[in-house]
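Chains as they are written, first to last, in UniProt numbering: chain A, 1 to 493; chain B, 1 to 493.
Treat the hints with care, since some could be wrong.
Claimed, not checked - Quick look at which bits of chain A chain B covers, simulated, 3 or more residues with Cβ under 8 Å:
id, stretch
1, 36–43
2, 111–117
3, 167–174
4, 226–232
5, 295–308
Unchecked claim - Simulated crosslink set (EDC-like; lysine to aspartate or glutamate; CA at most 16 Å straight-line):
id, chain 1, residue 1, chain 2, residue 2
6, B, Lys-17, A, Glu-299
7, B, Lys-17, A, Asp-102
8, A, Lys-430, A, Asp-443
9, A, Lys-38, B, Asp-102
10, B, Lys-69, A, Glu-76
11, B, Lys-16, A, Asp-30
12, B, Lys-395, B, Asp-44
13, B, Lys-379, B, Asp-361
14, A, Lys-17, B, Glu-296
15, B, Lys-38, A, Glu-76
16, A, Lys-17, B, Asp-102
Read the hints as simulated data drawn from the structure, not as lab findings.
C-beta atoms are modelled at their ideal positions from N, C-alpha and C, and glycine is treated no differently.
There are 2 protein chains.
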Amino acid sequence: MSAERFEKKETIDLRKKYIGPSCKIFFSHDPIKIVRAKGQYMYDEKGQRYLDCINNVAHVGHCHPDVVKAGAQQMELLNTNSRFLHDNLVLYAQRLQATLPDKLAVCYFVNSGSEANDLALRLARQYTGHRDIITLENAYHGHVSSLIDISPYKFHQLSDTEQNQFVHVASSPDVYRGKHRADHSDPATAYADEVKDIINKAYKKGGKIAAFIAESLQSCGGQVIPPVGYFQQVAQHVREAGGVFIADEVQVGFGRVGSHFWAFQLQGEDFVPDIVTMGKPIGNGHPMSCVVTTKEVAEAFMSSGMEYFNTFGGNPVSCAIGLAVLDVIEKEDLQGNALRVGQYLTSLLEKQKEKHLLIGDIRGRGLFVGVELVRDRLKLTPATAEAQEVIYRLKEQHILLSADGPHRNVLKFKPPMCFTTEDAELVVEKIDVILTELEEALDLKLNNALTVENESNKRKLLTDENGHSGVLHSKGSRQGSPQQTKQSKRLRT
Amino acid sequence: MSAERFEKKETIDLRKKYIGPSCKIFFSHDPIKIVRAKGQYMYDEKGQRYLDCINNVAHVGHCHPDVVKAGAQQMELLNTNSRFLHDNLVLYAQRLQATLPDKLAVCYFVNSGSEANDLALRLARQYTGHRDIITLENAYHGHVSSLIDISPYKFHQLSDTEQNQFVHVASSPDVYRGKHRADHSDPATAYADEVKDIINKAYKKGGKIAAFIAESLQSCGGQVIPPVGYFQQVAQHVREAGGVFIADEVQVGFGRVGSHFWAFQLQGEDFVPDIVTMGKPIGNGHPMSCVVTTKEVAEAFMSSGMEYFNTFGGNPVSCAIGLAVLDVIEKEDLQGNALRVGQYLTSLLEKQKEKHLLIGDIRGRGLFVGVELVRDRLKLTPATAEAQEVIYRLKEQHILLSADGPHRNVLKFKPPMCFTTEDAELVVEKIDVILTELEEALDLKLNNALTVENESNKRKLLTDENGHSGVLHSKGSRQGSPQQTKQSKRLRT
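Turn these sequences into a full structure, and let the hints guide you.
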């Protein structure tokens with residue numbers, strides 16, 4: 001079987017003809033056609049290899065043979081809905097539960113992070129009898145209607161949309177650029193107190209909080225790592241108001257943070273969410289997702305009398321694949337690898353920060369790392385155009401990286417978990433060269449606190465639902481191809 | 001690899017422990033454990049074969065080797081998101097489009113019927129700038145929040161839920177039991193006029209219609225087949241009000257109706273919806289779904305500036321599987337088979353109607369057939385308990401059938417499309433015996449117009465999101481096992 005059926009140009013034309021134009025493509029002026037992938041590498045139609053630093057969905061590595069085998073064998077045997085008893089479903093639920101605090105004991109299997117977060121809201125509302133939701137600034141929780149309502153990352157783009165009256169937005173607990181920074185004596189309390197204020201204000205207007213929802217580490221929001229203790233305090237305030245805490249682990253779960261299996265565990269053992277949602281990496285690309293909650297929440301949901309049925313959710317093939325993913329994480333110690341390689345990557349990047357004034361902040365846990373680029377380390381002027389430049393030039397050198405965050409100036413690392421120290425060295429080395437050239441063009445040198453006009457408005461940046469907006473360019477967003485445009489021109493015009 | 005890992009009892013116990021109690025199981029007092037399946041047959045852990053008359057998801061037959069092979073091969077090669085160019089995506093979109101009217105040209109790939117219908121509502125609202133939705137009585141369109149709002153089948157179960165003010169419910173165009181019946185001179189116009197009245201009433205209150213949504217044939221609603229011309233007239237009224245027509249083909253598409261590939265085509269060539277949603281059978285059990293719409297709607301959606309990204313939607317594995325399903329439908333002439341076997345099944349059932357007073361109506365197209373059981377052919381008293389009895393006794397004889405509709409008295413046939421005339425003969429033969437015994441117990445004989453007290457209230461019937469409520473029984477809903485309980489006692493107490 002040939003991996004390629006059409007010439008690239010024809011693929012592009014057919015895509016334009018038949019696929020919704022709202023479905024964006026990476027590097028749209030010169031998109032990549034990928035025909036196969038293995039581990040942390042993807043290959044285009046000419047056999048060119050790309051180092052993949054962004055596909056957190058291919059968690060245990062693209063096309064892992066154990067996962068492929070488990071899926072293929074089960075597809076051959078049985079694939080049906082969960083109204084029949086099947087061992088894979090209960091076995092997987094049991095295995096998954098074993099990675100979580102005891103209190104989180106009841107699973108619901110669905111097909112996507114969006115379905116998981118929507119169900120989490122339904123669970124929270126049914127359990128509490130309340131309706132209001134508190135979400136974080138820049139948050140993204142999914143593409144179905146109910147989630148766009150709670151995703152400022154999305155709804156802020158719509159000029160003519162009124163914010164849903166049941167949704168309250170709290171500041172992102174960003175200690176680099178946010179309201180309360182690293183120099184604050186207790187940013188966790190300061191940010192949590194804001195949530196408390198929101199609860200009180202809502203209450204005065206008759207609003208009752210059903211849930212606070214947050215990614216355990218904000219992904220699209222700019223790789224934000226909340227200060228330890230923040231979640232505990234928020235949970236206390238929310239529970240006192242009769243609400244629940246929903247931890248969205250869709251992007252960051254399954255060992256990615258290295259030290260723990262779940263990113264919410266970074267807050268400490270004294271923190272347990274009421275509902276956890278999982279997605280992307282759970283099936284290494286196979287469409288599956290999960291919501292786990294407490295017995296109390298599950299029983300309240302049941303008491304409504306409304307059945308929950310999901311046609312594909314928890315089918316034997318999905319669960320076989322999910323089990324294989326858990327096996328590989330364990331067998332290949334990918335959580336340990338994330339810790340080791342992540343620490344190494346972070347240390348390499350820290351050295352770059354000493355060298356490059358454009359690097360404002362390095363933050364991350366395991367193989368979830370953000371590099372925030374700024375024009376000015378005091379004013380924190382976002383180096384948006386520079387971040388895009390890095391992404392584009394890395395692509396030319398066959399490395400896939402993305403940029404995200406509200407200013408699209410945070411380089412995002414979230415590679416397959418088999419990423420190696422050599423991979424880390426390679427990408428950092430390339431970034432070093434690119435930043436050196438960019439800084440020369442900008443006359444930016446360490447200890448030279450030039451403020452350069454932020455050019456972010458001159459480049460139309462497209463948005464992104466998966467945290468890769470940095471690499472999404474429409475044809476109009478970039479004048480000519482990278483080769484045609486002089487770097488200095490690109491940065492100074 | 002053994003297909004069974006736990007003893008059945010242990011599977012049941014683990015399921016109780018780890019799976020949300022709102023996720024119901026077939027025949028919960030004695031559920032079936034299925035370990036493998038092939039074609040139209042499923043096999044339990046003891047090797048007992050069941051004839052499957054209900055799993056429309058396993059469209060081309062359970063575990064079809066061509067579909068399994070296509071999935072396995074592509075999983076081995078590449079499974080990633082649609083931000084990279086891939087031929088499977090465009091090839092599948094092209095193939096799918098070829099089955100549709102030219103106007104329906106733009107595809108969005110998602111993971112479930114629920115995601116598809118939610119996106120359809122977003123498309124409609126963005127395109128029209130309106131918000132209100134007209135849905136049908138007893139309709140079911142999915143399990144995410146936005147769809148429960150438009151699914152009376154679901155929201156009518158919630159006593160404490162207010163109906164969403166933007167949602168209007170029109171009568172089901174049911175010519176057997178509905179407001180306008182077969183004896184009406186023009187039921188299509190009568191039902192469509194009601195939609196027009198709803199539009200006008202909404203308008204007077206300031207409501208503007210974004211969409212009318214309906215399954216092309218109502219499934220959970222009781223296998224309702226709208227009179228020809230109804231959709232055309234509804235579409236005209238809705239479009240005049242600035243809204244669009246959404247045809248939900250999640251249950252009934254892909255050749256099931258035999259004479260056409262899509263069930264909306266039964267209304268005639270002059271009818272083209274603005275948006276079509278697809279799901280269940282599209283991947284023969286693999287989680288995938290699709291929304292197809294017009295260029296105009298797609299461009300309006302794009303103009304909001306909000307990207308649409310779906311992590312798993314349209315991945316190369318899903319599309320490879322989708323292509324294999326289309327190939328098998330064609331290669332094995334399954335649409336033709338649905339027409340032939342469906343007609344044969346319907347003719348066999350019609351003969352049963354002549355014999356059994358309990359059969360009130362036979363209706364269907366292709367392999368989508370409903371048998372409505374009534375206690376009284378004039379009063380149309382729903383024979384709910386009897387329908388459940390049929391389902392249970394068929395299960396004892398290793399045939400899987402379900403009952404649905406607002407009164408849970410419609411036996412539903414929607415088998416894999418490889419269903420044969422022999423299969424049809426077998427199930428009808430068994431139904432004949434069961435109905436004969438039931439009628440004897442009830443002293444119901446043809447031309448004997450006994451009205452028997454409707455016992456539907458004496459049996460607690462659980463609800464169902466997939467149209468199989470008839471086979472969902474809680475432990476408390478059935479006294480003892482079928483063997484322990486005398487049939488006459490079951491029907492008369």
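Comparing the hints with the structure gives:
no. : hint                       : in the structure
1   : 36–43                      : holds (count 3)
2   : 111–117                    : holds (count 5)
3   : 167–174                    : violated (count 0)
4   : 226–232                    : violated (count 0)
5   : 295–308                    : holds (count 9)
6   : Lys-17(B) with Glu-299(A)  : 12 Å, holds
7   : Lys-17(B) with Asp-102(A)  : 12 Å, holds
8   : Lys-430(A) with Asp-443(A) : 20 Å, violated
9   : Lys-38(A) with Asp-102(B)  : 39 Å, violated
10  : Lys-69(B) with Glu-76(A)   : 9 Å, holds
11  : Lys-16(B) with Asp-30(A)   : 52 Å, violated
12  : Lys-395(B) with Asp-44(B)  : 12 Å, holds
13  : Lys-379(B) with Asp-361(B) : 13 Å, holds
14  : Lys-17(A) with Glu-296(B)  : 13 Å, holds
15  : Lys-38(B) with Glu-76(A)   : 9 Å, holds
16  : Lys-17(A) with Asp-102(B)  : 12 Å, holds
The structure shown violates the earlier hints numbered 3, 4, 8, 9, 11.
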